[in-house]
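Working from the sequences, and respecting the hints, build out all of it.
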Amino acid sequence: MAWYTEPTVEKKTTQKKLWVKCKKCNSHIYESEWIENLNVCPNCNYHGSITSYERINLIFDENSFVELFDNISPKDSLKFNDLKGSYKDKYETAIKKTGISESVVTGYGKINGIPAVVAVMDFRFLGGSLGSGTGEKILQASNYAYDNNLPYIVFSASGGARMQEGALSLMQMAKTCAGVARLNKKNIPYISVLTNPTTGGVSASFAMMGDVNIAEPGALIAFAGRRVIEQTIGEKLPDDFQTSEYLQDHGFVDSIVDRKDMKNYLSNILSYYNR
Amino acid sequence: MGLSDKSVMELEDVALKEKKKSKKEQLPWDVVQISRHPNRPILQDYLSRVFDNFIEFHGDRFFSDDKAMIGGFARIGNQKVMLIGHNKGKNTVENIERNFGMAKPDGYRKALRLMKLAERFNVPIVTFIDTPGAFPGLEAEERGQAEAIAKNLTEMASIEVPIVCLVIGEGGSGGALGIGVGDRILMLSNSIYSVISPEGCASILWRDAKFAPDAAAAMNITAKALHHHGVIDEIIKEPGEGAHSDYETTARDVKEAIIKNLKSLSRLSNEELIQKRFEKYSGIGKFSI
Ligand SMILES: [Zn+2]
Numbered sequence: 214m215a216w217y218t219e220p221t222v223e224k225k226t227t228q229k230k231l232w233v234k235c236k237k238c239n240s241h242i243y244e245s246e247w248i249e250n251l252n253v254c255p256n257c258n259y260h261g262s263i264t265s266y267e268r269i270n271l272i273f274d275e276n277s278f279v280e281l282f283d284n285i286s287p288k289d290s291l292k293f294n295d296l297k298g299s300y301k302d303k304y305e306t307a308i309k310k311t312g313i314s315e316s317v318v319t320g321y322g323k324i325n326g327i328p329a330v331v332a333v334m335d336f337r338f339l340g341g342s343l344g345s346g347t348g349e350k351i352l353q354a355s356n357y358a359y360d361n362n363l364p365y366i367v368f369s370a371s372g373g374a375r376m377q378e379g380a381l382s383l384m385q386m387a388k389t390c391a392g393v394a395r396l397n398k399k400n401i402p403y404i405s406v407l408t409n410p411t412t413g414g415v416s417a418s419f420a421m422m423g424d425v426n427i428a429e430p431g432a433l434i435a436f437a438g439r440r441v442i443e444q445t446i447g448e449k450l451p452d453d454f455q456t457s458e459y460l461q462d463h464g465f466v467d468s469i470v471d472r473k474d475m476k477n478y479l480s481n482i483l484s485y486y487n488r
Numbered sequence: 017m018g019l020s021d022k023s024v025m026e027l028e029d030v031a032l033k034e035k036k037k038s039k040k041e042q043l044p045w046d047v048v049q050i051s052r053h054p055n056r057p058i059l060q061d062y063l064s065r066v067f068d069n070f071i072e073f074h075g076d077r078f079f080s081d082d083k084a085m086i087g088g089f090a091r092i093g094n095q096k097v098m099l100i101g102h103n104k105g106k107n108t109v110e111n112i113e114r115n116f117g118m119a120k121p122d123g124y125r126k127a128l129r130l131m132k133l134a135e136r137f138n139v140p141i142v143t144f145i146d147t148p149g150a151f152p153g154l155e156a157e158e159r160g161q162a163e164a165i166a167k168n169l170t171e172m173a174s175i176e177v178p179i180v181c182l183v184i185g186e187g188g189s190g191g192a193l194g195i196g197v198g199d200r201i202l203m204l205s206n207s208i209y210s211v212i213s214p215e216g217c218a219s220i221l222w223r224d225a226k227f228a229p230d231a232a233a234a235m236n237i238t239a240k241a242l243h244h245h246g247v248i249d250e251i252i253k254e255p256g257e258g259a260h261s262d263y264e265t266t267a268r269d270v271k272e273a274i275i276k277n278l279k280s281l282s283r284l285s286n287e288e289l290i291q292k293r294f295e296k297y298s299g300i301g302k303f304s305i
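Same order as they appear, the protein sequences are chains V and F.
Heads up, the first sequence is in the working numbering, so the first residue is 214 and it goes up one at a time.
Heads up, the second sequence is in the working numbering, so the first residue is 17 and it goes up one at a time.
None of the hints are false.
Heads up, simulated SDA-like pairs for lysine to any residue below, C-alpha to C-alpha not over 25 angstroms straight-line: (1) F/K302 - V/D283; (2) F/K292 - V/P402; (3) V/K288 - F/D249; (4) V/K292 - F/S304; (5) F/K292 - V/N362; (6) V/K449 - F/R223.
Taking CB as the label site, the calculated pair distances span: (7) F/E113 - V/S240: 48 to 56 angstroms; (8) F/N107 - V/N258: 49 to 57 angstroms; (9) V/D467 - F/G256: 50 to 58 angstroms.
To spell it out: a stretch of chain F is covered by chain V in this simulated footprint if at least three of its residues, at any positions, have a beta carbon under 8 angstroms from a beta carbon of chain V; those stretches are: (10) 160–170; (11) 207–215.
For the record, the hints were derived by calculation from the structure and aren't laboratory data.
Predicted, not measured: the structure shown is a model, and the values here were computed from it.
In this text, a Cβ means the ideal position worked out from N, Cα and C, and glycines have one as well.
Next comes the structure, spelled out in structure tokens:
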């Protein structure tokens with residue numbers, strides 16, 4: 214399939230027949246089949262994670278995506294060290310491992326012919342955490358949408374704010390929402406797609422603020438962690454607590470859309486933008 | 017000049033030791049302790065000392081009246097404001113009623129309703145921040161804690177009246193920020209503002225909450241550090257051992273600082289205000305290019 218073009222992984226799959234174990238139903242699936250099915254379990258429809266570029270290839274028309282603001286990367290301004298070493302070492306490793314410079318990839322392109330600006334978070338990069346560079350890219354992309362009157366789409370995949378940047382990361386919640394506020398004022402559509410996981414400071418900022426909130430099936434969408442809540446209330450929580458389906462039932466998600474249908478779903482929504 | 021060189025040196029030595037001792041008292045973890053001191057003044061203490069004629073408004077018009085977050089019209093000097101703040105208690109009974117200042121979505125929605133009311137009346141907004149964090153509970157998640165906070169961050173970016181925010185004790189993460197977006201962010205000198213509690217950070221990154229003092233230092237959660245990093249605009253120096261040692265002086269300085277900031281903001285037109293607020297938040301963060 215054309216959507217999957219990351220060379221290193223493709224090589225691995227052609228050399229060896231590897232099995233993938235589904236995290237939800239534990240069934241074993243050929244990796245080639247797993248990839249063919251967009252990292253979704255053919256058995257139980259569990260949506261596994263995908264990289265930013267895989268997502269972009271899935272959503273945008275061929276050769277239409279133009280990346281923006283890829284010169285932005287993290288900075289260890291607090292000189293943060295914990296038991297496992299420095300923040301600087303961590304993000305330098307992440308940059309090497311993922312080939313991207315921050316936990317989000319931003320740019321613009323066409324979705325079934327309809328132009329849109331996009332920010333796609335990548336969970337591989339420090340758990341998709343929201344750092345200053347992440348916030349800057351998400352804001353810059355919304356400014357680009359604002360200046361060019363283009364709809365804005367953000368795909369979230371994040372554990373929350375990046376602790377190693379202290380309150381600077383917390384403030385990225387306000388910063389990204391300030392961008393959303395400007396789009397609202399100008400009546401430019403903002404669509405949020407919540408994927409597994411979207412938690413903490415990301416759920417409590419731009420990810421929840423879509424004019425339309427879409428979720429992939431079974432994604433964990435949460436403000437506080439399950440363990441913290443169980444400790445607070447002293448009881449076990451229901452199994453489906455904080456899933457896409459739970460959030461839709463409680464009125465916070467417009468629709469739950471399978472990965473394979475996402476492109477057409479998005480272009481269908483965008484086709485109603487009549488301005 | 018009756019002192020010999022030796023005794024001068026000894027005196028300098030003593031002075032240096034004293035200086036080191038007072039410097040030691042400024043460890044971030046010590047500031048955390050002061051910010052959580054049982055006698056630290058809470059919103060209710062400022063209410064009577066800084067403001068007059070508080071008219072409290074209740075409820076979010078959706079679900080409940082969250083007592084962890086209060087608000088209403090009030091006067092500060094000659095100025096009329098909308099006062100909104102986390103409402104901690106001083107004893108067990110108060111703290112249970114007020115949920116230790118941990119608001120539910122209902123609290124954030126009430127706050128937003130009152131901010132919109134302030135905008136309607138063209139009255140500036142003053143927020144007092146003092147919370148360990150937004151309440152982490154089943155009902156809070158069910159009613160959309162994330163949505164409620166996110167909505168406040170978004171709306172506060174474009175509310176067309178001046179907003180002055182003051183951290184008086186604990187600035188706990190998203191729960192603090194949910195009423196913390198404004199034109200001027202002030203902190204009392206022994207208050208803290210943090211992305212996650214030092215204990216929470218330590219238990220994740222150090223695998224043990226007992227490393228909280230290390231996490232507190234690493235995360236730069238003191239007023240001084242946050243001022244240096246451009247997260248806040250102004251520090252209000254606390255008297256003596258801290259705000260708990262002198263309520264009256266603290267209240268006087270808080271009042272002065274709020275009035276001064278409201279006055280300087282009143283010179284801006286609505287458009288300038290919103291533009292400057294946007295530029296302020298656009299500029300926060302450190303990254304490499
Ligand atoms: Zn499965």
